[in-house]
Structure formats: structure tokens, C-alpha cells
Amino acid sequence: MKSLVQRGRAALGNQQVLLLVVLILMVGFFTWRNHIFFTTAVFGNILSDWFPVILIGIGETFVIISGGIDLSVGSTVGISGVVAAISMEHLTSHKVGQNFTLVLGFLICVGIGLLVGLINALLITKAHLVPFIATLVTMGAGAGLAIVFTGGAPIGGGPDKTISLSVPDFGPFNRPGIAIVILVSILGLYLHKARFGRYTYAIGSNPFAARAAGINVDRHLIKIYILSGVLAGMAGYYYYLRLGVGAPTSGQGGELQAIAAVVIGGAALSGGVGNFFGTALGALILTTVTSGLIIINVAANWKQVVVAILIAAAVLLQEFRNRVRK
Amino acid sequence: MSQSSQPLYEVRNVSKHYGSVKALENVSLSIHAGEVVGLVGDNGAGKSTLVKVLSGAHQPSEGQIFLDGQERKWDSPHDALEAGVETLYQDSGLAPHLSVSSNVFLGREQTVPGILGKFGFLAQKSMDKIAHENLDRVGIAVPQSNRSVSQLSGGQRQAVAIGRAVSWASKVIILDEPTNHLGARQAGEVLHIINQVKAQGLGVIFISHTLPHVLEVTDRIVVLRLGKVVADAPTSTFDAEKLLGTITGLIDAK
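Residue numbers (the working numbering), protein chains in the order written: chain Z, 1 to 326; chain L, 1001 to 1254.
Just chain L, same shape as in the assembly (with noise of 0.2 angstroms):
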């Protein structure tokens, strides 16, 4: 990992205050291509407000955001979207009652060429191989694309989620607490894919309670306590107790 390289996607001094609470201050954050960085904290150190920075839900009171070296300020999550950001967050999920295709495509709807397509007709042959290409290639096996999410197993769900964030994300992926609620085997699924998405250039950031999935998969742990960075370091660095420690802050890494 050359880390003398422009960053992918980085944020630069930010703070967010709710009135007199202050959830980030003075936050530094970066990510190159086809690296994951895990960040982690206890509750309340400000996680839930840095991802929603990081994916436009939330503007910060202060600070700048950079991709590809170039600021950026996002008015929702749609410019962030629409910039290659794409966020998963734990609680939004897929709607069970569609299909795999039709949830990866959802919001992206292609439709058919001509006038049908201009009256909102959608090409669904078309989508549920697309969409099946494209899990595919994230190592996601769903047996037919067509199928209802409601059918799915759990830790398919979750596939299908990531692989639906992926299939979109050109340059940075959030995922909020993706082995959350997930047995041991499809929690090691998820984590895998994860290794996929790494493989294809893409920033990934991994936020997660489960230590030893975030020493498992990330390549950089940075650690947040009471809305400041407290450890930005490489994986290799950490062991469970130190990084335990940091985050409870037993530990002071610096």
C-alpha cells in the first residue's frame, strides 16, 4: 500500500456540532484505492455522525471533504451517490418483497428503449442480468436474480446489499455495521466479499463493533473516542487488547 499516493476519498478537519454537543471535532480522515479501513469507536464517539459526513446525509459545521483531491461538498446523499460514494447503511437494507435484480437497481431503473421506456417501462431481462453479472463479479452467488429478497438467507441478504452498494460505488464504499446480525460462516461471506471489492480498487470503509472482523479485513484501524481520532495506524500494529484498550481508552496511543 503506497500511502505517499493521493488519497481516494479523505476528510480534513472536520467538526459537526448539534448545538452545544460537539459529535466530531477536529476529525482527519483518508482513504486510498483498494484499501479498507476500519473505524471504530465505542457508542456515542461519533461513528454515526463521521459515516453520515462521509456519505453526505450530514454537512459538517467545519472542515473540508476531498475526492480525488478535489473538495467536495455534498448537499445529500444523492451528490455523493452520484460522485461513486455509496454508503450501506445498517438500518435502510432492501425492500424483502422485490427481487435481488430489481433491489440492486432500485432508484436505477432501466427502461426500455423507445416510447414504452419513456412512459417508465422497465427492462427487466435486461436488469436481472445485469444485476447478476455484477454480484457475480463480487464473488456473490444468488441463484437467480429474480428470486425475492424475502427467500434469501440472512447472511444472502447482506451479500445481496453489499453487492447492490458495490455494484454502483466507482470509488469509495461505507458499510455500516455489515456483519451485524450475522452467523460466524456468513459473517466470513461478508468479509469476503469485502477482500473482492479491495481487489477491484475501491476505498472501503469498514465500521464495525466485531473486533476481530475489522482486524481480520482492514488494512488501517482508525479509532474514535468522544468525537476526536485518537489512533490512526496500520492493522499490523494492533492486536484485540491494544486495540480494545484504545478504544476504551485504557490505552492512550499517542
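Bound-form chain Z, shown alone (with noise of 0.2 angstroms):
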């Protein structure tokens, strides 16, 4: 039999428990500076930011635990959410179907995500760039022809159903909010219980391991980078059915936002650690401080001062911990 205090101490010691926690005292102490906080509405409106988060947060939490990074998720958002709005704008106009036109929409995000992912993959196991710098030069070349194609305005002129997509209307939950919902935790499931999950967690603990146990690291990693991109387009899509336009800053700071994400939920950027309930945790944890402060009238850029201290605390924990367990 355990005892309660060591039961408390092992809970303490589990991340995505204290990620709860802290999750139901934001709630708690919004709710006490306002109560409009703790409503559906408020909630609803938390979720839909929350969906392209731990959408692009799930992609960057792979790309984390087998040691890299993927800095290009912002900008595949603002350059997919673009190219398929120009094209939805331009099938809109020529009486094409809404219908038909949305999804083409869709597959074009999803086409576009692909081939950042892949570009960012020969970049890193072909040319051998670290990372870092692979996708730093596919960040910068994504927003930059972002702007390029649309002059740096917002592109409307979709079909008129597109917004009322987005709305919620299960509770709290939007439609695609829930097939992102899905996703993602099927792509858990495969994190944690399949074989792509191990080789993903076993290149980041050791590459020299993976290899040596006849895992086609290479292969691998092209396929953990072309699955961030995809659903950094998917992102892009979400955003576009979201706003009604594509524009080329819907995604700006998408990647610090995603990389937050999973370091608040417990993972190291050296690699071999994470887990998909802490980005989903750190991910929501990041949204309701951004829509709780609003609701409480804070200004609005207090909310990057608690997220650098969420941050920090999220790794200080994690140092503790290592040097606890040594």
C-alpha cells in the first residue's frame, strides 16, 4: 500500500497532473475576476483557438522528441491559408461549387504543408542543415512569398459557407475543431503505442541506437517533417474557414506557439522526451491565458510575459526533476 504522501509526491512529479492543475486555477481565478469567464461562449471560444495550436503542436511534438525543430509551422500556415484562398477566390468568382471549391481548398493546404515538410526533410537528411536552420530558411522564404502573393493583404471572396463552418455549434466544439480533435488523437496513439511513436522517441534519445538497431533514421525524420507540415497547412485551412480570408499573418508566431506548447507539456529539445497529453495540455493552457486575460482586462501583452513564465517554470521543473532522479 502506498501512502497518500507518496502517492501526492509521485503525482506532483508527473507533469501532465501539475499541467491540470494549473490549467483549473487559471480557470478558477479568471472565473473569480469575471464570471463571464465560465461560460460556453468564453469556452467556445478558447477551443477554437486551441484546435490549429495542438494541430501544429502535435507535429512539433514528433519533431521535438526525435531531437529536432521545426521553426517553418507559422509560416506554412500564412503561405497554405493564401494560396488556397487565391484559388478559392478565383473558382468563387468562375460560379464553381462551395462544396467543391472547399475542399479543393483543403487540398491545397494539405498539398502546400507537404512539400514545406518535405523541403525542410531533404534539407535536414540530404544537404545534412541542422534543423534550426533548415527551417529557419523555410520560414523566411514561406512568409516572405506569403506576402509576395498577396501584396500583404487578406484574400476573401471564398464561398459564402465558409465562416459558418467554424462556429460552434456542439457546445463548445466547431465541426472541423472536431475532426481536429480526432486526429490528433489518433496521431497520440501512434506517438505513444505504435512503432512510429518508438523510432520517433528512440532518434531523439539516441540516433547511433536507432541506427545501429537497423532503423532507417533518415527515412524516418522525412517522414516526422512532412507530417508537421501537413498539419501545419491543415492549420492554414482552419484558419482560412475561421477568418474567411487567407492572409499571410494569420500564422505569424504559430511556431513559438507550438514549440511553448510542448515544452510547457514536458518535452526537452534535446530530444527523447514529450508526451502528446502535455502539448495538448500546454496548448490549451496558452490559449485560456490569452482569451482569460482579454476577459479580465489585462493588456493584451501581459500574455507574453506569462507565457515566458510558464515556459520557464516548465523547464525548471524539468531540471529538477532530472537531477532529482540522478
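Think of the hints as simulated: they come from the structure by calculation, not from any bench.
These numbers were taken from a predicted model, which means no experiment stands behind them.
There could be a bad hint or two in this list.
Stated by the list, open to error - Taking lysine-lysine pairs in the DSS-like style, the calculated list, with each CA pair at most 27 angstroms apart, reads:
1. Lys1022/L x Lys1073/L
2. Lys1129/L x Lys193/Z
3. Lys126/Z x Lys223/Z
4. Lys1198/L x Lys1073/L
5. Lys1228/L x Lys1242/L
6. Lys1022/L x Lys1198/L
7. Lys1198/L x Lys1129/L
8. Lys193/Z x Lys1118/L
9. Lys1073/L x Lys193/Z
10. Lys1171/L x Lys1228/L
11. Lys193/Z x Lys223/Z
12. Lys1118/L x Lys223/Z
Two chains, each in its own frame: build the complex with the hints.
Here it is, written out as C-alpha cells:
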């Protein structure tokens, strides 16, 4: 029989439990300061913000666990949304059916995400650039192209029903959000229960051991960066649905948000560590802070300070735990 | 040890050139089932190159490789692994963040039956159990095979690394400096495991700089110097002084 103290200590040693406590405290605090916070409408808003962050975040989780980093995801959100918007505006002005246009827009976003992911993967595995530099290159190129294609202005003029698709109509959930939750849950299972995830951890933990065990490390990394790119492309589509326009700025800072979610979730940038629930909760905490501070009337810029403190706390906690283990 | 029987694993007249550098020259080495052969030599004697040839990582420029009397050619370490020749490199090691059983099964994961297995979902419980049994068989006591390797001591880690190689080697196991960086007691445990492996009828090639370990655990010692075999004799014919002299060239064994 474990004593209550032991159990409490074990729970506190578990990052997900801690994150859940932090989240509950935040919800409590914001509700105490303004009762409007505790409503379906606000939760719907928070979740609407959360869906794209967890979508990019789960891709970034795979990347970071493998020992890499993907800085290009924010730009991929922008460029995929913009190209899809331009295409959908064109199709709509030619009286092409709404459903067909929307499906094509989705495929374009996925395709562009795939392309960016593939470029990252080839730069890393074939040209042997470190992931930071490889994805810094595509991050800059993507952001630049998004502005070149649009002249900097958002592109609208898509199908009329675009915006209605992202309205929460299942409690606080909207339809694309439900699809996202299902998709990232499957990916979470792949991370923790399937060979794909096992190889991801192994490569991040010790690439030499992974190679010696017969794992095709390059091929696995290519898959991971393509996955990250495709998920960012999907997030680009989500923002298009949410805003009704493709804006070159819509993914700005998305990479930092995703990395923050992964790190707050307990991952180590040195690889081999991280988990799905941590990232999901990390992303939820980030989006809750954003909405909460607005609702309690705190200047928006404080958000960055709070996020910075959260990241620092998460990293310090991990350092502390590593030291205790040794 | 019946030396008249057919060797389990053998290289004959192997040479390896890197450009104009001759790393190995006309080297022959054989190993029988249930035999531990020590491979020693100074730095640059060609030990690493020979290990790479034996493990399939490098292809010899000249010479032949025989496994069970059949000539074989390894295009990659994977070929050698499939044929039952496992190599434990001193620098490859384990994935510290993964559990003991995940390391044992790394690259050879078992999937659950049915449709989920086709999607790569893992039979973790079964792997935990088998890993535990396999390690137990060679006398490696790891408290729980689902513990992460980073929580083990250096000796335990090395034991798991050897246990992993032993679990999969059906014929030959090549151990490159397995007692490096280990304390005396832990090294003793590793040597004990090598004896267990030998008792199971595997051939063991033991590469080490630590001559007392070589003298303690091997049946036969092969000494390399400047890419050539300068001695190949039963361990009982060596003592520490003679072995050191042969390695350095102060004693001419031939």
C-alpha cells in the first residue's frame, strides 16, 4: 500500500497532473475575476483558438521528440492559407460549386504543407543542415512568399458558407475542431502505442543506437517533417475557415506557440522526451491565458510575459526532476 | 574445445585498404560454437576495421567470410544481423529514454495481432515479458523491464546492451570493449554474462584493451599488430607479460 504522501509526490512528479492543476487554477482565477469567463461561449472561443495550436503542436511534438525543431510551421499556416484563398476566390468568381471549392482548398493546404515538410526533410537528411537552420530557411521563404502572393492584404471572396463552418455548434466545439480532436488523438496513439512513435523516441534519445538497431533514421525523419508540414497546412485551412480570409499574417508566431506548448507539456529540446497529453494541455493553457487576460481586462501584452513565465517554470521543473532522478 | 570441428564463423585471408593505407593484411580468424575468442592489439592495429568486416559494416577488399562453412557476403550490418551475427559497438549503446524491453526489441518490435498490428501498434506487454525472460536466461537481473534505461546504473546498462545482443544473436556475438568505463564489480558481472552466453553455444568475439579481462574470460587470443595477425593461440599459453609483449612487438610470437 502506497501512502498518501507517496501518491501525492508521484502525482506532482507527473507533469500532466501539474499542468491540469495549473489549468484548473487559471480557470478558477479568471472566473473569480470575471464570471463571464465560465460560459460555453468563452470556452468555445478558447477551444477555437486551441484547435490549430494543438494541430501544429502535435506535429512539433513528434519533431522535438526526434531531437529536431520545426520553425517553419507558422509560415506554412500563412502560405497555405493564402494560396488556398487565392484559388478559392478564383473558383468562386467562376461560379464553381461551394463544396468542391472548399474541398479543393483543403487539398491545396495539405499539399503545400506536404511540400514545405518535404523541403525541410530533404534539407535535413540529404543536405545535412541542422533542423534549426533548415526550417529557419523555409520559415523565411514561406513568410516572404505569402506576402509576395497577396501584396500583404488578406484574400477573401471564397465560398459564402466558409465562416459558418467554424461556428461552435456542438457545445463549445465546432465541426473542424471535432475532426482535429479525432485526428490528433489518433496521432497521440501513434506516438505512444505504435512503432512510428517508438522510432521517434529512439532517434531523439540516441540516433546511433537507432541506426545500429536497423532503423532507417533518415526515412523516419522525412516522415516526421512531412507530418509536421501537413498538419501546419491543415491549420492554415482552419484559420481560413475561421477568418473567412487567407491572411499572410495568420500563422505569425505559430511556431513559437507550438514550441511553447510542447515545452510546457514537458518535452526536452534535446530529444527523446515529450508526450501527447502534455502538449495538448500546454496548448490549452496558452490559449486559456490569452482569452482569460482579455476577459479580465489585462493589457494583451501581458500574455507574452505570462507565457514566458510558464515556459521558464516548465523547463526549470524538468531540470529539477532530472537532477532528483540522478 | 574440439578445434577439429568446422568453425562457426571464419574470415580467410582478409585484407582491407583505405586508399593506400592497408588497415588489414591477409588476416584469418575463426571461431567455434561455445568459444570465446579475444581480439587484442594496440591502437591502430586494425581491431576496429576487423570488427567492421566481421559485423558487415565494411566490406573487405580481399578475402572470404564463412558462416557455418558457407561463404557469405555482408552488404550491410543488417545482413549479418539477419544471419545471426550480432555486434555490440562501444559507441552505439542504448536509447536511454526508452524502457529496457523497448531497447531489447528496438528495430524488431512485435505488433498486436489483427488490423491494429498492421498499423504498427505494439504488443508492449508481450515484449516486456519476453525481454525479461531473455535477460533472465543470461543471468541479467533487471528489476522491471518497463523501467527506463536512464534509471539504471552503468553496469546494468551494459548488461542490458549485451542482453539485447544475446537475445537476437543465434550464432555469433561480437562485443567491442564491453567492460570499458565499468567498475571492477560491474565488469565482473559482464564477464559472468559472457560465460553464460558461451555456455549457450554461441561464439563470442571479445575485443578489449583490458588484458586481465581478456585473460580471464577467453579460450583463445588473437593478437593484431599493424594490420596482421601476429599470434593466435589458446589463452592458457599466455600470461599478462607475454600478452603485453606480443601486442607491443617486444616479444615475437612466431
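Hint check:
Note on Lys1022/L and Lys1073/L: the hinted pairing holds, with a Cα-Cα distance of about 21 angstroms set against a maximum of 27 angstroms. Between Lys1129/L and Lys193/Z, the direct Cα distance comes to roughly 17 angstroms. Compliance with the 27 angstroms bound is thereby established for this hinted pair. About 14 angstroms separates the Cα atoms of Lys126/Z and Lys223/Z, which keeps this hinted pair within 27 angstroms; it holds. For the hint linking Lys1198/L to Lys1073/L, the alpha-carbon distance of about 25 angstroms falls within 27 angstroms, and the restraint holds.
Of the pairs offered as hints, the one joining Lys1228/L and Lys1242/L holds, with about 18 angstroms between alpha carbons and a cut-off of 27 angstroms not exceeded. Proposed proximity of Lys1022/L and Lys1198/L is contradicted: the alpha carbons are some 33 angstroms apart, above 27 angstroms. With a CA separation close to 24 angstroms, the supplied pair Lys1198/L and Lys1129/L stays within the 27 angstroms bound. A C-alpha spacing of about 13 angstroms is found between Lys193/Z and Lys1118/L, which places the hinted pair at or below 27 angstroms, so the restraint holds.
Restraint check: the Cα-Cα separation between Lys1073/L and Lys193/Z comes to about 37 angstroms, which exceeds 27 angstroms; the hinted pair is violated. For the proposed pair Lys1171/L and Lys1228/L, the alpha carbon gap of about 25 angstroms is at most 27 angstroms, so the pair holds. Pair hint Lys193/Z plus Lys223/Z holds up; C-alpha atoms about 17 angstroms apart against a cutoff of 27 angstroms. In summary, the hint linking Lys1118/L to Lys223/Z is supported, as the alpha carbons are separated by about 18 angstroms, within the 27 angstroms threshold.
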